[in-house]
Amino acid sequence: MKNIKYIIAGILFGIIMSKSEAVSWYRIQEMFRFQSFHMYGIIGTAVTLGVIMVALIKKFKLKDSTGTPITFAPKEKSLWKYLIGGTIFGLGWALTGACPGPMAVLLGQGFTVMAVVIASATFGTFFYGLVKDKLPN
Amino acid sequence: MNIIEIISQPWPWYVSGAMIALIMGILLYYGKSFGFSSNLRTLCAACGAGKKASFFDFDWKAQKWNLLFALGALIGGFLSEQFLKSPEPVALSAATVADLAALGIMQDGELVPTSLFNWEVLFSLKGFILFVVGGFAVGFGSRYAGGCTSGHAISGLSNLQLPSLIAVVGFFIGGLIMTHLLYPLIFQL
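These protein sequence lines are chains R and E, in that order.
Residue numbers for the first sequence follow the working numbering, so the first one is 1 and each next one is one higher.
Residue numbers for the second sequence follow the working numbering, so the first one is 1 and each next one is one higher.
No wet-lab data here; the hints were simulated from the structure.
Some clues are possibly wrong.
To be verified - Computed cross-link-like contacts, DSS-like style, restricted to lysine-lysine with a CA-CA straight-line distance of at most 30 Å:
#, chain 1, residue 1, chain 2, residue 2
1, R, Lys2, E, Lys32
2, R, Lys2, E, Lys126
3, E, Lys126, R, Lys132
4, E, Lys32, R, Lys5
5, E, Lys32, R, Lys77
6, R, Lys61, E, Lys51
7, R, Lys61, E, Lys64
8, E, Lys64, R, Lys63
9, E, Lys61, R, Lys61
10, E, Lys61, R, Lys58
11, E, Lys126, R, Lys59
12, E, Lys51, E, Lys61
13, E, Lys85, R, Lys132
14, E, Lys126, R, Lys77
15, R, Lys134, E, Lys85
Unchecked claim - Label pairs and their calculated CB-CB ranges:
#, chain 1, residue 1, chain 2, residue 2, range
16, E, Asp57, R, Ile4, 39 to 49 Å
17, R, Phe37, E, Cys47, 39 to 49 Å
18, E, Ser124, R, Gly67, 52 to 62 Å
Treat the numbers as computed from the prediction; the structure is a model and nothing was measured.
Idealized CB from N, CA, C, for every residue including glycine.
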């Protein structure tokens, strides 16, 4: 089964999210209160290494496992879409203490109430799909 | 100390950050891009939402890999809790412990407060706002902004994309408003 590699990558991600404590509601509160370097250190390290990785991929025109050159699709230009959408996301991130990845990880940890959060997030995305043409873009 | 005991300790931030970058690298090597919230759109499409809005009318089966990644994340959470759990509570700063105590939240040994993340709280006004309204905002906001923490803060910033920087600024505007202005009101409920 060729798709099992995605499940294995996901398992690794779930363990990383748990052991880094990035799934912790406490840690997210600590971050939004600027009371610890922990979360900033995690994101800062990931982005620093990520910038180097992406630059190397572009410089050496690296290919993926199928031999296709790795490309990065640019995001469309807009200000309000990202600022308003991001702010709404941030309100939700602080409320639940979890972004979409950690929601799944916490459900796996046994916090079954996260199933409701995931269902509500799915409905939020569905609602966006219904009204997207009426929103400032 | 054996390997399981070493992994079971809380990971320092630089190890955690490097491992997240590794995940992004693995997915790029597989020809995919790291972005978790796309799964919510895929879920809608898989449930037939394409009939209601063209936004969901796409070949969602091409995104099956990401759903499998999400399934893996769930399994990874289970494995961490069962086999790799740290015996120590999260090493929060004293200031955070004091702030949360003022909101009536005492720290326990879990990664999230069990006094909050349970079904009894869900059926209160406070729980409805935290979990139902909160979840909705995450799902709505991530799609409006075109990505979440993984897609914008990690993948997008790694590619030095201005839209991602704007989105991350938005994440913090929302998070700061919620934490500093609205939490004191919500936790009075």
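Worksheet item: So which of the earlier hints does this model not fit?
Response: 2, 6, 11, 13, 14, 15, 16
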